[in-house]
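When you line the sequence shown up against my numbering, it's residues -1 to 232, in that order.
Hints were generated in silico from the structure; no laboratory data involved. Note that the structure is predicted; figures quoted are calculated from it, not measured. Fair warning: there could be bad hints in the mix.
Once the Cα atoms are required to be at most 30 Å apart in a straight line, the calculated DSSO-like pairs of lysine-lysine come out as [claimed, not checked]:
id: 1; residue 1: 64; residue 2: 46
id: 2; residue 1: 230; residue 2: 203
id: 3; residue 1: 38; residue 2: 64
id: 4; residue 1: 44; residue 2: 64
id: 5; residue 1: 64; residue 2: 42
id: 6; residue 1: 203; residue 2: 154
id: 7; residue 1: 230; residue 2: 217
id: 8; residue 1: 64; residue 2: 34
id: 9; residue 1: 217; residue 2: 203
id: 10; residue 1: 170; residue 2: 203
id: 11; residue 1: 34; residue 2: 46
id: 12; residue 1: 170; residue 2: 154
id: 13; residue 1: 38; residue 2: 220
id: 14; residue 1: 44; residue 2: 34
id: 15; residue 1: 34; residue 2: 217
id: 16; residue 1: 162; residue 2: 203
id: 17; residue 1: 230; residue 2: 42
id: 18; residue 1: 34; residue 2: 220
id: 19; residue 1: 217; residue 2: 170
id: 20; residue 1: 156; residue 2: 203
id: 21; residue 1: 156; residue 2: 170
id: 22; residue 1: 220; residue 2: 203
id: 23; residue 1: 170; residue 2: 220
id: 24; residue 1: 230; residue 2: 220
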Amino acid sequence: MSETVYLQAGFILQSTQYRETSLLLEVLTQDFGKVKLLAKGVRKLKSKTAGVLRPFIPLYFTFTGKTELKLLTHTEIATTFTELNGWQLYCGFYINELVIHLLHLYDPYPEVFAAYQQCLLDLTLNANLQVPLRDFELILLESIGYGIQFDYDNTKNKPVETDKYYQFFAEKGVIEVENGRYPGWALLAISARNFSDDRVLFFAKSLMRLVIDSCLQGKPLKSRAVMNQIIKRQ
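Go ahead and model the full structure; you've got the sequences and the hints to work with.
Right, here's the structure in full:
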């Protein structure tokens, strides 16, 4: 990576207060993947930067440094955007957590960046928030090498059949089982990214949770816990 990077497109995934006036930022960038930045003095009362250093705002970042932690020297809003509200906001924090936990620092994932941008837009446009979440999860998993063949049973060397039932195993993928949880027709729809049927979304949510939990290796997701608590209260 070059010593200084100018006006790199990106989104803040997470910010943490550092000392009295600074912030530590985790940022998803277009060309460098996930990076860590130190934003010095941005919490001062007269700071003009603090107001834009928030998640889900498309920003340009200029940063410099030779160590893993880079120094943020300039930031500006990249383009117009629509604020996330209500459940959209919680969904945004969820995809941020996935990126934080599953991407390595300074590994470029341009397809993930593009999918992240699209997911934020779709969350503001789609009445069913499950659709953009499932789309993003599938692209993210494929990009980091955890893509699942939902339309093929590798143990039996044959395609998934509409009228059969299957179970998911982390090491083997989907396997035909007599009393399996996932019907073949739903797996084929998930493979084709066809989420027009609410029943497919139901199975996709359950299946993606299993796959993601396997990738996280026991790491809990705070956003998921918060959403579950809100659902229970309602």
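Outcome of the hint check:
1. 64 <-> 46: holds (26 Å)
2. 230 <-> 203: With Cα atoms ~18 Å apart, residue 230 and residue 203 stay inside 30 Å; holds.
3. 38 <-> 64: Given pair residue 38, residue 64 holds - Cα atoms ~17 Å apart, limit 30 Å.
4. 44 <-> 64: holds (29 Å)
5. 64 <-> 42: Distance of about 26 Å is within 30 Å: holds.
6. 203 <-> 154: holds (25 Å)
7. 230 <-> 217: With a Cα-Cα distance of about 22 Å, the restraint between residue 230 and residue 217 holds, given a limit of 30 Å.
8. 64 <-> 34: holds (12 Å)
9. 217 <-> 203: Roughly 18 Å between the alpha carbons, so the hint for residue 217 and residue 203 holds.
10. 170 <-> 203: This hinted pair holds, its Cα atoms lying about 19 Å apart.
11. 34 <-> 46: holds (21 Å)
12. 170 <-> 154: It holds: about 11 Å lies between the C-alpha atoms, which stays within 30 Å.
13. 38 <-> 220: Holds: residue 38 and residue 220 sit about 27 Å apart, inside 30 Å.
14. 44 <-> 34: It holds: about 24 Å lies between the C-alpha atoms, which stays within 30 Å.
15. 34 <-> 217: This hinted pair holds, its Cα atoms lying about 20 Å apart.
16. 162 <-> 203: holds (20 Å)
17. 230 <-> 42: Violated. Residue 230 to residue 42 sits at ~39 Å, over the 30 Å cutoff.
18. 34 <-> 220: Measuring from Cα to Cα gives roughly 20 Å; hence the hint holds.
19. 217 <-> 170: holds (21 Å)
20. 156 <-> 203: holds (24 Å)
21. 156 <-> 170: Holds - the C-alpha atoms of residue 170 and residue 156 are around 14 Å apart, at most 30 Å.
22. 220 <-> 203: The hint holds at about 17 Å.
23. 170 <-> 220: Holds: residue 170 and residue 220 sit about 28 Å apart, inside 30 Å.
24. 230 <-> 220: Status holds; Cα separation ~16 Å.
The structure shown violates just one earlier hint, number 17.
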